[in-house]
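Engineer: Just need the whole structure built from these sequences, with the hints factored in.
For the protein sequence lines, the chains are A and B, in the order given. Position 257, counted from 1, in the first sequence is what the working numbering calls 257; the numbers after and before it change by one each time, with no gaps. Position 329, counted from 1, in the second sequence is what the working numbering calls 329; the numbers after and before it change by one each time, with no gaps.
Worth flagging that the hints you see were computed from the coordinates, not collected in a lab. Where is the CB? At the ideal position from N, CA and C, for every residue including glycine. Honestly, I wouldn't trust all of these hints.
[To be verified] Calculated cross-link-like contacts (lysine to any residue; reagent style SDA-like; alpha-carbon spacing at most 20 Å):
(1) B:Lys74 to A:Asn136
(2) B:Lys188 to A:Asp338
(3) A:Lys154 to B:Pro69
(4) A:Lys106 to B:Gly282
(5) A:Lys111 to B:Glu308
(6) B:Lys268 to A:Val162
(7) B:Lys148 to A:Thr31
(8) B:Lys65 to A:Glu148
(9) A:Lys154 to B:Phe118
(10) A:Lys111 to B:Lys188
(11) B:Lys268 to A:Pro189
(12) A:Lys154 to B:Ser66
(13) B:Lys65 to A:Glu155
(14) B:Lys65 to A:Leu149
[To be verified] Okay, the calculated bits of chain A under chain B, using three or more residues with CB under 8 Å as the criterion:
(15) 73-80
(16) 98-109
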Amino acid sequence: MLTGSNGARRIASLMRPSRLDSGVCISCQETLGRRQYASAAAASELATSSSPNPSTFPVVKPVYTINAGVVLSRPPQVTRDLEPFEKAYHFYQKRLNERLALPFTKYFYFKRGTPADVDWKNKIKERRTPARDIGNYNAYASDAWNDELLLGSKESDPEHQVEALVQDAESTANATSQDTSKKEEIPRPLSRVTEADKKGDHKSLNRLLPRTLYLLVQSKEGYWKFPSLPIEGDETLRQAAERTLAQTAGVNMNTWMVGFHPAGHHVYTNRKPHVDQATGAELHGEKTFFMKTRIMAGQADLSSSVEKLQDFKWLSKDEIAQFVLPQYYSNIKNMLADR
Amino acid sequence: MAVRESSRYLARAVPRAFAPSARPQAFLGRRNASDEAPSRRLSDQLDELETASSLTTAVSDSAAKSFDPATRAKGRKTQLPRSRYQFRSPKYDRGPLHPHQPPPPSDPSSRLFVPGPFSLPRAEQTYNSTVASDILTLCYVHTPPGFKVPPKAPRLREWDDSSPYHKNRPLRGPRGGDVLRLLRKPIKFNNIPEIERITVHSYVKGAAQENSGWLHVAGMAVQAISNVRVETFKSKASVATWSIAPGRDTVAVKAEMHGETMYHFLGKLIDVVLPRIKDWPGVKGSSGDSSGNITFGLEPEHVAMFPEIEVNYDMYPPKMIPGCHITLHTTAKADKDARLLLSAMGIPFYGKIVQ
Numbered sequence: 001m002l003t004g005s006n007g008a009r010r011i012a013s014l015m016r017p018s019r020l021d022s023g024v025c026i027s028c029q030e031t032l033g034r035r036q037y038a039s040a041a042a043a044s045e046l047a048t049s050s051s052p053n054p055s056t057f058p059v060v061k062p063v064y065t066i067n068a069g070v071v072l073s074r075p076p077q078v079t080r081d082l083e084p085f086e087k088a089y090h091f092y093q094k095r096l097n098e099r100l101a102l103p104f105t106k107y108f109y110f111k112r113g114t115p116a117d118v119d120w121k122n123k124i125k126e127r128r129t130p131a132r133d134i135g136n137y138n139a140y141a142s143d144a145w146n147d148e149l150l151l152g153s154k155e156s157d158p159e160h161q162v163e164a165l166v167q168d169a170e171s172t173a174n175a176t177s178q179d180t181s182k183k184e185e186i187p188r189p190l191s192r193v194t195e196a197d198k199k200g201d202h203k204s205l206n207r208l209l210p211r212t213l214y215l216l217v218q219s220k221e222g223y224w225k226f227p228s229l230p231i232e233g234d235e236t237l238r239q240a241a242e243r244t245l246a247q248t249a250g251v252n253m254n255t256w257m258v259g260f261h262p263a264g265h266h267v268y269t270n271r272k273p274h275v276d277q278a279t280g281a282e283l284h285g286e287k288t289f290f291m292k293t294r295i296m297a298g299q300a301d302l303s304s305s306v307e308k309l310q311d312f313k314w315l316s317k318d319e320i321a322q323f324v325l326p327q328y329y330s331n332i333k334n335m336l337a338d339r
Numbered sequence: 001m002a003v004r005e006s007s008r009y010l011a012r013a014v015p016r017a018f019a020p021s022a023r024p025q026a027f028l029g030r031r032n033a034s035d036e037a038p039s040r041r042l043s044d045q046l047d048e049l050e051t052a053s054s055l056t057t058a059v060s061d062s063a064a065k066s067f068d069p070a071t072r073a074k075g076r077k078t079q080l081p082r083s084r085y086q087f088r089s090p091k092y093d094r095g096p097l098h099p100h101q102p103p104p105p106s107d108p109s110s111r112l113f114v115p116g117p118f119s120l121p122r123a124e125q126t127y128n129s130t131v132a133s134d135i136l137t138l139c140y141v142h143t144p145p146g147f148k149v150p151p152k153a154p155r156l157r158e159w160d161d162s163s164p165y166h167k168n169r170p171l172r173g174p175r176g177g178d179v180l181r182l183l184r185k186p187i188k189f190n191n192i193p194e195i196e197r198i199t200v201h202s203y204v205k206g207a208a209q210e211n212s213g214w215l216h217v218a219g220m221a222v223q224a225i226s227n228v229r230v231e232t233f234k235s236k237a238s239v240a241t242w243s244i245a246p247g248r249d250t251v252a253v254k255a256e257m258h259g260e261t262m263y264h265f266l267g268k269l270i271d272v273v274l275p276r277i278k279d280w281p282g283v284k285g286s287s288g289d290s291s292g293n294i295t296f297g298l299e300p301e302h303v304a305m306f307p308e309i310e311v312n313y314d315m316y317p318p319k320m321i322p323g324c325h326i327t328l329h330t331t332a333k334a335d336k337d338a339r340l341l342l343s344a345m346g347i348p349f350y351g352k353i354v355q
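Structural biologist: What follows is the structure in structure tokens.
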């Protein structure tokens with residue numbers, strides 16, 4: 001899973017005849033050149049019979065700039081919103097379960113004569129069932145067959161069920177507490193829609209809690225993309241991705257890079273090859289390899305970016321499609337989570 | 001907000017398409033079988049699809065208001081014949097040729113019907129949205145094109161025929177022991193490890209030594225925390241100091257959870273119980289049966305921290321709440337992968353990690 005020490009690998013590659021011009025990356029050259037002890041005999045047979053060098057490929061001439069990109073994402077923070085069908089289905093199954101399950105054993109949960117027991121007796125009359133989330137329904141009554149909800153009823157909505165639970169807990173707390181003057185207040189769960197959602201603040205990490213958010217930056221020319229920078233020197237893709245993250249989005253983030261392999265790539269071919277002034281090589285375009293990264297804490301900060309980036313946004317997959325170029329989106333969409 | 005209009009795209013894309021490329025681009029005359037798939041084909045069959053779901057279909061207000069089956073049934077003067085409102089699945093299987101056949105088990109009127117699911121567990125959603133894709137990325141092994149996987153030695157070794165007695169002998173086991181480990185295939189999109197089932201097992205020594213009350217309490221406690229019926233087991237081993245004889249004493253309860261129940265249990269365990277255990281170092285790194293199943297134990301005071309037991313803690317006889325062993329069965333073929341999955345789900349490991 002993890003790569004070993006790179007130093008040993010480099011030394012090993014120096015000892016062997018160079019295959020640097022074969023168009024295969026350094027780590028792949030290492031894999032191809034590794035001596036396979038188990039298959040040494042088989043390989044020697046192959047070498048005599050077939051082509052002299054089976055591992056080489058048609059040599060690819062065009063030169064591309066290799067970029068390391070970072071797909072920095074914040075995973076979903078809350079469960080997703082259920083579809084109306086799912087809500088209805090779960091609710092109906094709960095009522096069916098109520099009809100089939102053994103009745104609630106009250107004596108195991110409420111000791112006789114306690115305030116909780118008195119409260120229970122009062123409530124069960126109006127609620128007709130021990131369950132709080134199936135509405136007013138008695139599975140043992142003669143009208144238990146009428147277990148389907150009518151159009152427009154709210155009982156299958158999770159918000160309604162939570163509210164019913166909280167009100168139930170509040171009335172229990174009020175009925176059983178010694179102090180009748182003070183009204184008990186049970187805290188409601190926090191809202192699933194945050195301030196940032198209401199304001200449409202695309203820079204906040206507190207938006208769209210049920211979705212995965214991705215960091216996109218706007219380049220000098222105004223294009224939206226994932227942060228990416230060219231690989232320098234001998235560094236590995238992972239090292240380059242870490243440097244890219246620090247040099248574009250700042251160091252004020254606690255991140256975790258998932259593994260050592262890219263999750264996707266994007267190839268951009270120039271209309272005409274650019275000639276590099278320094279080396280005189282023809283550059284046909286750029287290839288960006290994206291490393292998957294998770295953000296744990298912190299926030300992006302473009303003030304020290306080397307590329308003079310204009311802006312950043314935290315976007316979900318659907319929103320990314322509206323901001324980036326269609327060609328770019330078709331290359332990256334398969335590595336983004338649907339949710 | 002920043003949606004660009006398509007005309008600008010077109011203006012940029014059209015000259016680009018006709019510009020001569022510096023690199024000779026070979027015509028890619030390749031067709032995939034998947035191009036013919038209905039999902040790929042921009043077919044005219046799309047207009048066969050209904051635009052609205054049945055849940056959003058508009059129903060006239062008068063029809064919705066007048067529909068009330070309960071009052072309609074009450075207002076009925078004569079009772080409907082039984083066959084109109086009651087169907088009973090046949091009690092016995094009378095063969096495929098009998099006219100009265102039982103409905104499928106998914107039908108609520110079937111005797112085999114089990115209701116559910118009742119919710120979409122949070123732990124399951126976390127696995128599907130975050131953990132599974134991360135494991136896939138972490139476990140990716142790059143094989144460059146042209147790389148041939150070195151052939152492995154066979155798991156069962158052959159005899160070398162140095163002796164005539166080797167003929168027709170069964171094959172030898174692997175070196176270093178006779179255990180044939182599970183084959184660990186590379187992790188791809190279709191075999192990402194996931195949690196298969198969780199077993200809660202509790203060995204109640206008091207059930208044999210004192211009375212059966214211990215077993216009843218243990219059964220109630222395990223049932224409460226796991227939401228499934230428990231099975232009971234008799235002892236297999238003889239423990240003379242506890243006066244336990246094999247086959248005589250019922251000494252253990254076990255609950256096995258799958259699917260939705262399992263994920264709810266896992267969520268409670270990870271987010272409610274384990275964080276509240278004082279000075280708990282985590283699951284031991286050497287735990288596991290080397291085929292992807294990890295076991296750890298909980299003390300009685302930790303079992304009492306489950307919310308289901310906490311709400312009516314007084315109802316359990318004091319000191320009788322059992323400890324338990326929890327086994328997390330995963331589809332991983334090696335403990336290393338199982339540990340990766342479980343630590344991603346939030347279970348900490350400590351000590352020397354044995355791979």
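Engineer: Look at each hint and say if it fits the structure.
Structural biologist: Now for the hints, and whether the structure bears them out:
1. B:Lys74 to A:Asn136: 18 Å, holds
2. B:Lys188 to A:Asp338: 19 Å, holds
3. A:Lys154 to B:Pro69: 18 Å, holds
4. A:Lys106 to B:Gly282: Violated - the C-alpha atoms of Gly282 (chain B) and Lys106 (chain A) are around 37 Å apart, more than 20 Å.
5. A:Lys111 to B:Glu308: 16 Å, holds
6. B:Lys268 to A:Val162: 18 Å, holds
7. B:Lys148 to A:Thr31: 10 Å, holds
8. B:Lys65 to A:Glu148: 15 Å, holds
9. A:Lys154 to B:Phe118: 17 Å, holds
10. A:Lys111 to B:Lys188: Violated, at about 54 Å.
11. B:Lys268 to A:Pro189: Answer holds: Lys268 (chain B) to Pro189 (chain A) is near 18 Å, not above 20 Å.
12. A:Lys154 to B:Ser66: 18 Å, holds
13. B:Lys65 to A:Glu155: OK: Lys65 (chain B) and Glu155 (chain A) at ~17 Å, within 20 Å.
14. B:Lys65 to A:Leu149: Since the Cα atoms of Lys65 (chain B) and Leu149 (chain A) sit roughly 13 Å apart, the hinted pair holds (cutoff 20 Å).
15. 73-80: holds (count 4)
16. 98-109: Since 3 is at least three, the answer is holds.
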